[in-house]
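K.L.:
Read off the chains here:
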Amino acid sequence: MAGRDKLKILIVDDSEMNRSILADMLGDEYDILEAEDGVQAVGILSRKSSELALVLLDIVMPRLDGFGVLAAMNQNGWITDVPVIMVSAESGSKQVERAYELGVTDFIMRPFDALIVRRRVVNTILLYAKQKRLIGMVEDQIYEKEHQSTLMIDILSHVVEFRNGESGLHILHVRTLTDLLLGFLTAKTDKYQLSPGEISMISTASALHDIGKIAIDDAILNKPGKLTNEEFAVMKTHTTVGAEMLADAVPDYISQEELARMRESAAAGEKPSAARQGTGGELVWKAYEICRWHHERWDGRGYPDGLRGDQIPIAAQVVALADVYDALTSTRVYKPPFSHETAVEMILDGQCGAFNPLLLECLRDNSEQIRTALQGDVAEELRQRNLRTISDEALRGEGGAVSQRTLRLLDYERMKYHFFAAMSEEVQFEYTAASDMVTLSSYGSKLLGLEEIFMDPKNNRGLIKLMGEEGIETVVGKARSTSPDKPDSTTELVLHLPEEDRWFRVITRTVWSGDTPPKYMGLLGKAIDIHNEKLKLHELEKKASLDPLTGLLNRASAREQIEDRMLIRPEGHFALAEIDIDNFKSINDRLGHIFGDRVLQELAARMKHSVRSSDICCRAGGEEFFIFLDYNTEIERTVERIHRSLCFELEGQKVTVSMGVALGTDVGLSYEALYRGADLALYRAKNTGKNKFCFFNQAMLEKGEII
Amino acid sequence: MTLRECYDALEGSYDEVVSRLRSERLIQKFVLKFLDDGSFALLEASMASGSREEAFRAAHTIKGMCQNLSFTRLGNTADEVTEALRNSWPDNAGELMEKIRRDYELTAGAIRRFREEQGL
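If you read the sequences in order, they're chains A and B.
Going by this note's numbering, the first residue of the first sequence is number 597, and it counts up by one from there.
Going by this note's numbering, the first residue of the second sequence is number 198, and it counts up by one from there.
Misleading hints may appear alongside valid ones.
Unchecked claim - Mimicking DSBU-like on lysine-lysine, the simulated pairs with C-alpha atoms at most 35 Å apart in a straight line are: (1) A:604 <-> B:296; (2) A:784 <-> A:832; (3) A:832 <-> B:296; (4) A:787 <-> A:819; (5) A:690 <-> B:296; (6) A:602 <-> B:230; (7) B:226 <-> A:602; (8) A:1122 <-> A:1074; (9) A:1250 <-> A:1204; (10) B:296 <-> A:644; (11) B:230 <-> A:644; (12) B:230 <-> A:604.
Said to hold, decoys possible - Reference listing, derived: stretches of chain A covered by chain B, where coverage requires no fewer than 3 residues with Cβ under 8 Å from a Cβ of chain B: (13) 656–665; (14) 697–709.
Unchecked claim - Have a look at the derived ranges for each label pair, beta carbon to beta carbon: (15) B:248 <-> A:1026: 24 to 34 Å; (16) A:693 <-> B:202: 39 to 49 Å; (17) B:277 <-> A:820: 52 to 62 Å; (18) B:225 <-> A:693: 30 to 40 Å; (19) A:699 <-> B:277: 32 to 42 Å; (20) B:199 <-> A:693: 37 to 47 Å; (21) A:624 <-> B:280: 30 to 40 Å; (22) B:280 <-> A:627: 33 to 43 Å; (23) A:624 <-> B:201: 44 to 54 Å; (24) A:1098 <-> B:248: 32 to 42 Å.
If you're looking for bench data, these hints aren't it; they were derived computationally from the structure.
Because the structure is a prediction, the values reported are computed rather than measured.
We put the CB at the ideal spot given by N, CA and C, even for glycine.
Generate the whole structure from the sequences, applying the supplied hints.
P.N.:
In structure tokens form, the structure reads like this:
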């Protein structure tokens, strides 16, 4: 592609001048499309909505006004992809409100100010472009995350946040702090033997520490004041509930027996068995530990199990500390945030629970590093937060996620296909080889008297009755002998419809797979009624065989028919009479060609009248005609009668003819022989005074009367 | 006659239009274009035939153009006609038509003189 394509802007305004002012203001940076009313605008949108960067829309217009266009844009979902700036002299606040409700991004009031127009247009386009890019980014993220298993964790933990009404950063802070503390801890002691992989796993699992809270009644969970004893008892259950949820939700990862065993070994201060390490089960197990025991205390006074000291898994110990720290430094409904220093002091002071002294040392020794690390996190976290909000929308199917749009488009295509298939008076069909199944359009099914869907077409009685086994064989055979490059084939055949037999043209496109060699997957096709077309063709063929002036057969087609006739009935008595108008040249010269043509037409009409319809009348060229007769007896009287009827008077002009007749019995059953014989006889008639008829006899040949 | 004098003659605001459109070339182009616009003819026709909605749209279009070009006098009258036609057929339709016709002639006349004198 050469250069960058200009962004397209659609200007919709019934005043040409207004359109042109706007177009001029926007200048050459954009590709401007114009519509002079709402109907035109909807037309352009339906064809190009995906290409448009912006619509500038007037309100008051004939046919369909601006609100009508907005309604159509909403109905078709274009409004989510194409921003609209409303242009108007209307400043009524109801109008403005209604426009915003219908998804308008901005307003430009008349009179236009060039700078404002340009600025608004640029801003709106940028805003939309950014959103579109973000949606793209989020989709990539989601895709990426589906392939890591952290998506589930993110969603679940986010659900908890949502329910808790806590700061969205809480989960992230806990995760970061857990990671930091574990790092410091392993640097300080090798007592816990944590690998970097395990640390990362514990940090990830930390996000689920409060997942049990989703089972806690809202009224308790988000109660602003102090909890009663009963309420606190309920609140405490979030540890055990969360742990059971994990154990139940992922039975593939961890069996109940293993869980029980792990619980025992954890209580005995053992690490989980090596067999569990490095599998998904370990992550779930870590999350389980954290959920269940992140409210245990080093001094054994925590809940739910009252574990003490290193009975509490290290993962839960660290998350408990991180959780408390973040709670102190965040705003809660019941308190303002404490500073980092105060929070650390309160924890070290034992005001907020009892912790592993080693961990407290880690906190104290690395206080400054922790402070900066968490602060540095914020910008990054905010970005992620932003992303997450959008991804949430995407997951809920809101916010115009592209996947939704694609689905909608597919849906639309499907609907369109069905609509047109139903509306078009066409027989459309589809054959799927894998299922050996035929699907017919509903019109097709009605017309052909077949089911809309049927199996095993080659043995389907209805189809065989319709096309004949041979017909099916022909169509399928042609379709299968196509190639992926040229997949189409055409067959013309008669279909035996319930009412009548009609000619159809069956066009198929074979569906070949992408394999090498390509496999026959089935075919798509339609059958077109070409019966009338065929009839017309016959008509045309007939026309081509006729002499245009007189409507008689021309020589070539007459000869064909004569030969056919003699071939079919070689025992018949045939005669060929050649007819020539006497002095036709002189009639033409004296009275003109138009009169001459009328003489020819009159003669032709008389010829047809004087013979049976099964006889063949022909204009062989110029003023020369012939008649092919199938006679029984008394050919002479027949010829005499014909001759008499072919002599007539037209507008005072006397017209006579000369005729030469050859009989099959005399010359043999060949067109050539009959014609030559008739010609000789005609020659005789002409030479012996005209206005008469002569029969061929052998003497003519002997006398050498050959032209 | 300069463009500013033309604006004075049709009782518009040249300073205002310059501050918005920022290009004398463009202003001149659109001022001349005003003569080709069919909205006034449409207004006359639809007023004569009593077709209110069409008349309303035509008056509305004239108003919009006048606002864009800062044709203050005609714009005000067009606004008055637009509002009078917005919801029902006005009793003083004839009077209104006469008024807007007079202002339209004033405006169009000034532009035509400007065009002739500029030899455009």
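K.L.:
Please go over all the hints and tell whether each is borne out by the structure.
P.N.:
Structure-based check of each hint:
1. A:604 <-> B:296: violated, 42 Å
2. A:784 <-> A:832: holds, 33 Å
3. A:832 <-> B:296: violated, 82 Å
4. A:787 <-> A:819: Outside the cut-off at roughly 41 Å; violated.
5. A:690 <-> B:296: holds, 30 Å
6. A:602 <-> B:230: Holds: residue 602 of chain A and residue 230 of chain B sit about 27 Å apart, inside 35 Å.
7. B:226 <-> A:602: holds, 25 Å
8. A:1122 <-> A:1074: holds, 14 Å
9. A:1250 <-> A:1204: Distance ~20 Å between residue 1250 of chain A and residue 1204 of chain A Cα, so the pair holds.
10. B:296 <-> A:644: violated, 44 Å
11. B:230 <-> A:644: Since the Cα atoms of residue 230 of chain B and residue 644 of chain A sit roughly 30 Å apart, the hinted pair holds (cutoff 35 Å).
12. B:230 <-> A:604: With a Cα-Cα distance of about 25 Å, the restraint between residue 230 of chain B and residue 604 of chain A holds, given a limit of 35 Å.
13. 656–665: holds (count 3)
14. 697–709: holds (count 4)
15. B:248 <-> A:1026: 24 to 34 Å: Since the Cβ atoms of residue 248 of chain B and residue 1026 of chain A sit about 53 Å apart, the hinted range of 24 to 34 Å is violated.
16. A:693 <-> B:202: 39 to 49 Å: holds, 43 Å
17. B:277 <-> A:820: 52 to 62 Å: Holds, at about 59 Å.
18. B:225 <-> A:693: 30 to 40 Å: Once the Cβ atoms are compared, 38 Å apart, the range 30 to 40 Å for residue 693 of chain A and residue 225 of chain B holds.
19. A:699 <-> B:277: 32 to 42 Å: Holds, at about 33 Å.
20. B:199 <-> A:693: 37 to 47 Å: holds, 44 Å
21. A:624 <-> B:280: 30 to 40 Å: At 38 Å between Cβs, range holds.
22. B:280 <-> A:627: 33 to 43 Å: holds, 37 Å
23. A:624 <-> B:201: 44 to 54 Å: This hint is violated: roughly 28 Å between Cβ atoms.
24. A:1098 <-> B:248: 32 to 42 Å: At roughly 53 Å between Cβ atoms, residue 248 of chain B and residue 1098 of chain A fall outside 32 to 42 Å, so the hint is violated.
Violation of the numbered hints given earlier is confined to hints 1, 3, 4, 10, 15, 23 and 24; the remaining hints are satisfied by the structure.
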